[in-house]
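J.: Below, each chain spelled out in residue letters.
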Amino acid sequence: MLGFPKILHQLHIFQAGGEFYAADLEKARVVELSAIMMDTLKLVETQTDDAIVETLSASYEDDEISEAFERFAELEKEGLLFNRGEDLRYSFKTESKWRKLLVVIPGINVDSFFDIETVSAGTNMALSYMIRHLVEYTDLHFAGSRNRKITNGVYEVDIGIDDLIRLRSKIAETYYGILTLHQEHDRWLLPLYQYPEFPPILVQCHAPRGHAGHAMNSIFRHYAAMRDCDGFTAPSDYVRDFYADYVWDPSFFHTLPNGVDSKLFRPMDKAAAKHEIAEEIGDDRIEIAPTVGYLSRVQSEKGASVYLKLAELNPHLLFLIAGPNLGRYASRELPNNLVYVGFHPREKLPVIYNAFDVYCFPSMSGEETFGLTVLEAMACGVPPIVPNFDGVPSVVGDAGLVADAANFDHDVATLVSYPCPVDFSVKINSLLNNTEMWDGFSERARQRAEKFTWHKTAERIVKLFEMLHQKKKLINPNKLLNVFAPTPPVEDEESQELKCRSVLLSMNANYERCLMRDAVYPLRPEDGVVLSILKNHTPREAESILAELVADDTEAKAILQRVRGLIDATT
Amino acid sequence: MVSRRRYRLKRHHKFEQDGHKYVADLETGDLIQINDVEWEILGRYESQTRYQIVERLKGKYKLTTIFDGIERLESLRQQGSLLSPIVEPVAPTRVKDEQTDRVPKLLVPFHFTNEKTALDYLTGLNRYQFLKHLSAFAELETLAFSEIGAEKNETPDFDEVRVRNLRVPKSNALVAPWYALDGYDGILLLSQFLTDDLLYYRVPDVPIVHCIDGVQQLRHSLLKTLLTLSAFQHSKDTLVVKASWMKEWLAELGVPVQNVRVIPDGIDVVPPIGDKALAKQHTAAIFEKPMFTKQPIVGLISGFEPNRGAAWISAFARANPHLAVFVYDAMLADHYQHPPENVVVFSADDEETRSVLPIFFQALDLVCFPAMPGTPLSIVLEAMAFGAPCVALSKYGMPEEVAGAGVAVNADWDHFGNFHVSMTELSKTIYKWLQPSEVRGLCEDFSQRIVQRHTRKDTAQAIVQLFAEGLQRETDDFGTQRTLFPPIFCRRYEPETGALKSSVYRLGINRYDDLETALAEALAEKHTSAEVASVFKHFQCGGSVCI
Numbered sequence: 001m002l003g004f005p006k007i008l009h010q011l012h013i014f015q016a017g018g019e020f021y022a023a024d025l026e027k028a029r030v031v032e033l034s035a036i037m038m039d040t041l042k043l044v045e046t047q048t049d050d051a052i053v054e055t056l057s058a059s060y061e062d063d064e065i066s067e068a069f070e071r072f073a074e075l076e077k078e079g080l081l082f083n084r085g086e087d088l089r090y091s092f093k094t095e096s097k098w099r100k101l102l103v104v105i106p107g108i109n110v111d112s113f114f115d116i117e118t119v120s121a122g123t124n125m126a127l128s129y130m131i132r133h134l135v136e137y138t139d140l141h142f143a144g145s146r147n148r149k150i151t152n153g154v155y156e157v158d159i160g161i162d163d164l165i166r167l168r169s170k171i172a173e174t175y176y177g178i179l180t181l182h183q184e185h186d187r188w189l190l191p192l193y194q195y196p197e198f199p200p201i202l203v204q205c206h207a208p209r210g211h212a213g214h215a216m217n218s219i220f221r222h223y224a225a226m227r228d229c230d231g232f233t234a235p236s237d238y239v240r241d242f243y244a245d246y247v248w249d250p251s252f253f254h255t256l257p258n259g260v261d262s263k264l265f266r267p268m269d270k271a272a273a274k275h276e277i278a279e280e281i282g283d284d285r286i287e288i289a290p291t292v293g294y295l296s297r298v299q300s301e302k303g304a305s306v307y308l309k310l311a312e313l314n315p316h317l318l319f320l321i322a323g324p325n326l327g328r329y330a331s332r333e334l335p336n337n338l339v340y341v342g343f344h345p346r347e348k349l350p351v352i353y354n355a356f357d358v359y360c361f362p363s364m365s366g367e368e369t370f371g372l373t374v375l376e377a378m379a380c381g382v383p384p385i386v387p388n389f390d391g392v393p394s395v396v397g398d399a400g401l402v403a404d405a406a407n408f409d410h411d412v413a414t415l416v417s418y419p420c421p422v423d424f425s426v427k428i429n430s431l432l433n434n435t436e437m438w439d440g441f442s443e444r445a446r447q448r449a450e451k452f453t454w455h456k457t458a459e460r461i462v463k464l465f466e467m468l469h470q471k472k473k474l475i476n477p478n479k480l481l482n483v484f485a486p487t488p489p490v491e492d493e494e495s496q497e498l499k500c501r502s503v504l505l506s507m508n509a510n511y512e513r514c515l516m517r518d519a520v521y522p523l524r525p526e527d528g529v530v531l532s533i534l535k536n537h538t539p540r541e542a543e544s545i546l547a548e549l550v551a552d553d554t555e556a557k558a559i560l561q562r563v564r565g566l567i568d569a570t571t
Numbered sequence: 001m002v003s004r005r006r007y008r009l010k011r012h013h014k015f016e017q018d019g020h021k022y023v024a025d026l027e028t029g030d031l032i033q034i035n036d037v038e039w040e041i042l043g044r045y046e047s048q049t050r051y052q053i054v055e056r057l058k059g060k061y062k063l064t065t066i067f068d069g070i071e072r073l074e075s076l077r078q079q080g081s082l083l084s085p086i087v088e089p090v091a092p093t094r095v096k097d098e099q100t101d102r103v104p105k106l107l108v109p110f111h112f113t114n115e116k117t118a119l120d121y122l123t124g125l126n127r128y129q130f131l132k133h134l135s136a137f138a139e140l141e142t143l144a145f146s147e148i149g150a151e152k153n154e155t156p157d158f159d160e161v162r163v164r165n166l167r168v169p170k171s172n173a174l175v176a177p178w179y180a181l182d183g184y185d186g187i188l189l190l191s192q193f194l195t196d197d198l199l200y201y202r203v204p205d206v207p208i209v210h211c212i213d214g215v216q217q218l219r220h221s222l223l224k225t226l227l228t229l230s231a232f233q234h235s236k237d238t239l240v241v242k243a244s245w246m247k248e249w250l251a252e253l254g255v256p257v258q259n260v261r262v263i264p265d266g267i268d269v270v271p272p273i274g275d276k277a278l279a280k281q282h283t284a285a286i287f288e289k290p291m292f293t294k295q296p297i298v299g300l301i302s303g304f305e306p307n308r309g310a311a312w313i314s315a316f317a318r319a320n321p322h323l324a325v326f327v328y329d330a331m332l333a334d335h336y337q338h339p340p341e342n343v344v345v346f347s348a349d350d351e352e353t354r355s356v357l358p359i360f361f362q363a364l365d366l367v368c369f370p371a372m373p374g375t376p377l378s379i380v381l382e383a384m385a386f387g388a389p390c391v392a393l394s395k396y397g398m399p400e401e402v403a404g405a406g407v408a409v410n411a412d413w414d415h416f417g418n419f420h421v422s423m424t425e426l427s428k429t430i431y432k433w434l435q436p437s438e439v440r441g442l443c444e445d446f447s448q449r450i451v452q453r454h455t456r457k458d459t460a461q462a463i464v465q466l467f468a469e470g471l472q473r474e475t476d477d478f479g480t481q482r483t484l485f486p487p488i489f490c491r492r493y494e495p496e497t498g499a500l501k502s503s504v505y506r507l508g509i510n511r512y513d514d515l516e517t518a519l520a521e522a523l524a525e526k527h528t529s530a531e532v533a534s535v536f537k538h539f540q541c542g543g544s545v546c547i
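Those sequence lines, one after another, are chains A and H. Residues 1 to 571 in the numbering used here are what the first sequence lists, from first letter to last. Residues 1 to 547 in the numbering used here are what the second sequence lists, from first letter to last.
Treat the hints with caution; some may be incorrect.
Said to hold, decoys possible - Here are the simulated EDC-like cross-link-like pairs (lysine to aspartate or glutamate), alpha carbons at most 16 Å apart as the crow flies:
| hint | chain 1 | residue 1 | chain 2 | residue 2 |
| --- | --- | --- | --- | --- |
| 1 | A | K479 | H | E71 |
| 2 | H | K501 | A | D553 |
| 3 | A | K479 | H | E55 |
| 4 | A | K100 | A | E466 |
| 5 | H | K224 | A | E497 |
| 6 | H | K14 | A | E19 |
| 7 | A | K170 | H | D30 |
| 8 | A | K535 | H | E521 |
| 9 | H | K537 | H | E516 |
| 10 | A | K499 | H | E252 |
| 11 | H | K501 | A | E19 |
| 12 | A | K472 | A | E197 |
What the hints assert, rightly or not - Using C-beta positions, here's what the derived DEER-type ranges look like:
| hint | chain 1 | residue 1 | chain 2 | residue 2 | range |
| --- | --- | --- | --- | --- | --- |
| 13 | A | P196 | H | T475 | 54 to 60 Å |
| 14 | A | E61 | H | T64 | 53 to 59 Å |
| 15 | A | P315 | H | G498 | 38 to 44 Å |
| 16 | H | G498 | A | P196 | 32 to 38 Å |
| 17 | H | D18 | A | D409 | 54 to 60 Å |
| 18 | A | L326 | H | G498 | 34 to 40 Å |
| 19 | A | D409 | H | Q540 | 33 to 39 Å |
| 20 | A | Q15 | H | F110 | 51 to 57 Å |
| 21 | H | G498 | A | R266 | 44 to 50 Å |
| 22 | A | T174 | H | T64 | 23 to 29 Å |
| 23 | H | F110 | A | T570 | 25 to 31 Å |
| 24 | A | E184 | H | L166 | 56 to 62 Å |
| 25 | A | D552 | H | D414 | 29 to 35 Å |
| 26 | H | R164 | A | P196 | 37 to 43 Å |
Hints in this document: simulated from the structure, not taken from any laboratory. Just so it is clear, CB atoms sit at the ideal spot from N, CA and C, and this is done for glycine as well.
Please work from the sequences and hints to get the whole structure.
T.: As structure tokens, this is what we get:
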């Protein structure tokens with residue numbers, strides 16, 4: 001039994017070659033219908049299963065009816081014909097004046113974004129904040145498997161990953177852009193770039209390093225495949241600067257800094273905060289000794305080992321760890337001055353941060369594009385000490401200290417940094433021993449953190465989409481026709497071998513004239529290859545080919561620019 | 001013949017709803033939103049050619065809109081929607097049947113005005129004669145354009161060639177090749193100035209036969225022309241050169257010559273005016289050179305680069321003072337002011353000079369010619385036709401056209417007109433061949449039969465046959481088969497070595513693949529295999545990095 005009545009998709013029923021068909025306009029699919037299915041469709045919106053069976057049994061056998069029901073069940077499972085979830089047609093209509101973004105993040109539980117306690121990892125936390133603030137500027141439709149309203153301006157819509165390409169015209173009509181998250185093993189996104197119809201696609205990317213190079217290579221594929229009107233966002237300039245060493249056009253990487261809720265994360269009475277934590281875990285040393293704080297997963301890549309060393313080097317200080325658990329360090333003998341303060345809900349975190357005198361961020365993962373906890377600590381007026389690599393120093397600015405780290409820049413794929421415990425130690429002590437200096441950093445930390453707001457982040461996303469729309473308008477199709485022909489030898493040249501040249505033949509395949517009336521326009525073969533490649537491939541793909549064919553980078557870049565100029569000039 | 005359609009429409013249904021137009025592919029279940037022009041194109045796609053569709057719709061839509069519409073519909077095939085390629089079984093008999101039913105209709109684009117000044121009188125005359133004879137085996141048509149709204153001024157038919165008068169809007173973006181899509185069995189190109197002509201090579205399915213004269217005046221651009229055409233050719237097209245050494249030259253340069261044919265122009269030979277002695281007397285009288293009645297006359301049919309040719313002829317004449325030398329050279333006749341005493345230089349520039357040429361040819365005892373681009377083979381053959389054996393100054397051995405009628409002397413020449421032959425050996429050979437002998441007698445007989453082997457009718461028939469042959473050749477069309485797993489050319493970081501490489505990633509199978517293969521595939525979508533090969537050769541030899 002199917003649970004009729006059900007709301008039907010927008011359908012167009014027609015007959016062709018003696019058969020009935022339903023064109024499902026919402027799914028861009030056509031379904032063949034038997035006579036009984038046709039009769040059933042007339043009833044499904046108003047009658048229950050039983051009533052439908054009764055009506056049908058006047059003209060059809062029982063097994064015909066059950067067969068039709070089975071077929072409908074199959075179609076519904078595929079998302080066809082019937083509306084899955086709530087009927088949102090009215091809601092969409094009333095809110096249609098708003099811009100809509102389609103958010104496509106496969107395998108993620110949308111509800112978790114709106115229940116902050118269920119979110120772990122800085123990346124998802126940032127995404128959650130960003131999404132909740134984005135609603136102030138645009139409606140968000142999450143691609144999913146049913147229609148429902150999640151909260152004001154936020155919906156799940158019945159658009160599966162497999163539907164995207166088929167629904168591209170409809171998506172182009174409905175959405176201002178597609179927002180998604182780079183996940184290195186995802187395969188659904190790359191083919192989308194091949195369709196000019198889609199609105200701009202903005203891909204959030206994070207760590208370029210680590211992961212045995214997989215993250216980076218995946219970004220390279222996206223960079224190559226994406227259209228001129230797509231782009232990446234990354235939390236700090238560091239990601240763009242990182243890729244600038246590897247690709248020719250780092251302008252595809254847009255910095256989108258995270259924000260911080262500076263009303264929640266604010267300076268409090270430090271003694272009271274320390275007292276509260278000391279009470280809670282039953283360790284009154286917190287109220288007496290100066291405290292160093294660490295809030296993260298307790299793992300090697302987050303610098304837990306370095307933090308341990310710091311505790312050993314500084315027995316006069318108390319090193320607090322706030323994190324889900326102690327991980328593999330739980331089974332080790334830890335220095336006496338290392339105190340695990342437990343895992344706390346988000347609203348409690350400001351108290352934890354305020355119980356720290358300095359915030360220590362010794363991560364060595366090479367994946368720290370931003371360092372959200374650093375910003376939260378700063379918002380609480382806690383000066384941070386961070387290692388000198390990745391994106392974190394750019395968040396800290398002059399509001400904290402940057403400690404030495406051994407960077408292994410050429411070893412992108414594995415170990416990327418070793419934060420220097422001695423320098424960290426020196427800097428921690430210098431901060432804690434100089435009240436005036438500490439006050440200055442604390443003040444600047446708070447001031448700087450207040451500049452990073454989620455409103456700004458959300459606003460920037462909207463502006464980025466506007467900019468990408470501009471870029472979309474500037475895209476020119478390349479229809480120039482060229483031919484490779486041998487060119488005769490020149491008399492004074494030693495080698496009398498034929499050389500290759502490219503000849504620009506005409507403006508397009510439609511028998512339109514070439515640039516000049518009576519001339520075939522000669523190009524270098526390198527230019528010709530790029531011209532040919534740019535018919536079905538992106539300039540970033542031509543970049544890869546040129547990098548292989550032309551040894552001199554400057555010359556290679558000039559070729560690409562020249563050919564793109566030729567295309568733009570002749571469109 | 002109507003240009004063949006490449007795709008078949010799948011079973012489909014068009015409909016409109018809520019102001020949107022859709023087409024439902026009933027075979028795949030895809031529903032595709034289409035625009036107004038695509039809607040109209042779909043309605044015509046099965047029954048009309050691309051030409052007809054555009055011609056019918058161009059009053060209503062902008063040209064680019066129509067072409068974009070066709071392109072978008074045909075691109076749906078890449079996703080398996082709406083269209084499937086027509087796989088036509090090869091039917092070799094079909095062409096033959098058509099031939100017996102009716103003569104093929106050929107488009108002969110004319111824009112000879114530029115060439116008139118560049119071509120010598122005889123080359124022009126040969127073209128005219130050729131078309132005249134061709135019209136017995138094919139229906140010939142050319143295009144003439146006038147603006148819509150302008151005064152009606154229709155170009156009348158040229159003798160054997162019908163004129164298709166087309167009235168086009170002032171800003172008509174389509175050039176002549178567009179009209180070749182409409183009902184021709186072939187396109188015959190005679191021009192050597194490659195302007196719009198090259199665009200004809202983009203007309204699908206219609207075979208092209210491009211005839212190239214190795215004329216002296218255009219020899220500076222001849223090689224470039226030949227190389228360009230060889231690159232443009234598809235399997236259905238044929239490049240016709242008029243002497244075997246032209247084809248040998250291309251082969252020597254490494255140009256693929258499988259679609260290059262040697263078809264010499266046909267020749268006309270008038271009946272002799274009397275015996276050779278009389279012809280010699282006339283010649284001596286016309287040139288006021290009494291020695292032409294006494295000394296053996298060697299006819300030199302020249303195709304030399306003019307500057308170097310004059311010097312060579314002088315040297316040759318001085319080395320052989322016992323000879324009278326009759327030079328046929330279309331350029332030197334005007335410019336070579338003071339040749340040695342035993343030399344006369346002549347060319348036919350009009351009807352009158354053309355009519356006396358046979359007299360001179362009849363007076364010749366031996367014909368000598370450099371077998372090189374620029375030397376008109378048809379004049380060599382005409383000169384020999386009264387029974388003179390030949391000495392060919394040849395780089396590639398005895399040219400097949402005159403084999404059996406003389407001897408070859410080893411010569412060398414390059415692309416720039418530099419010519420070299422051993423004067424001693426040449427003089428000796430000429431001396432020997434002027435003596436009566438049994439071999440000479442056989443060669444004289446052979447020469448006299450040359451005229452039977454090179455009739456204008458044969459040439460015309462051979463050319464018409466090339467169109468049918470072209471159609472039967474296996475197609476090497478590009479752009480119809482896109483690869484199943486589209487490549488993305490991208491960088492790849494190798495964690496093991498830390499190196500950044502260019503690579504290619506294939507969608508669908510989701511793995512990296514060989515860059516070279518993918519690049520060849522990508523280029524083959526828009527270029528012939530000969531072009532792709534030349535690009536690869538360039539980057540292996542000339543490029544800084546080997547791929």
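J.: The structure should be examined with respect to each hint, and the outcome stated for every one.
T.: Here is what the structure says about each hint:
no.: 1; hint: A:K479 with H:E71; verdict: holds (11 Å)
no.: 2; hint: H:K501 with A:D553; verdict: holds (14 Å)
no.: 3; hint: A:K479 with H:E55; verdict: violated (21 Å)
no.: 4; hint: A:K100 with A:E466; verdict: holds (13 Å)
no.: 5; hint: H:K224 with A:E497; verdict: holds (13 Å)
no.: 6; hint: H:K14 with A:E19; verdict: holds (15 Å)
no.: 7; hint: A:K170 with H:D30; verdict: holds (14 Å)
no.: 8; hint: A:K535 with H:E521; verdict: holds (13 Å)
no.: 9; hint: H:K537 with H:E516; verdict: holds (12 Å)
no.: 10; hint: A:K499 with H:E252; verdict: holds (14 Å)
no.: 11; hint: H:K501 with A:E19; verdict: violated (55 Å)
no.: 12; hint: A:K472 with A:E197; verdict: holds (10 Å)
no.: 13; hint: A:P196 with H:T475: 54 to 60 Å; verdict: violated (30 Å)
no.: 14; hint: A:E61 with H:T64: 53 to 59 Å; verdict: holds (57 Å)
no.: 15; hint: A:P315 with H:G498: 38 to 44 Å; verdict: holds (41 Å)
no.: 16; hint: H:G498 with A:P196: 32 to 38 Å; verdict: holds (37 Å)
no.: 17; hint: H:D18 with A:D409: 54 to 60 Å; verdict: holds (57 Å)
no.: 18; hint: A:L326 with H:G498: 34 to 40 Å; verdict: holds (35 Å)
no.: 19; hint: A:D409 with H:Q540: 33 to 39 Å; verdict: holds (34 Å)
no.: 20; hint: A:Q15 with H:F110: 51 to 57 Å; verdict: holds (54 Å)
no.: 21; hint: H:G498 with A:R266: 44 to 50 Å; verdict: holds (45 Å)
no.: 22; hint: A:T174 with H:T64: 23 to 29 Å; verdict: holds (27 Å)
no.: 23; hint: H:F110 with A:T570: 25 to 31 Å; verdict: holds (29 Å)
no.: 24; hint: A:E184 with H:L166: 56 to 62 Å; verdict: holds (58 Å)
no.: 25; hint: A:D552 with H:D414: 29 to 35 Å; verdict: holds (33 Å)
no.: 26; hint: H:R164 with A:P196: 37 to 43 Å; verdict: holds (38 Å)
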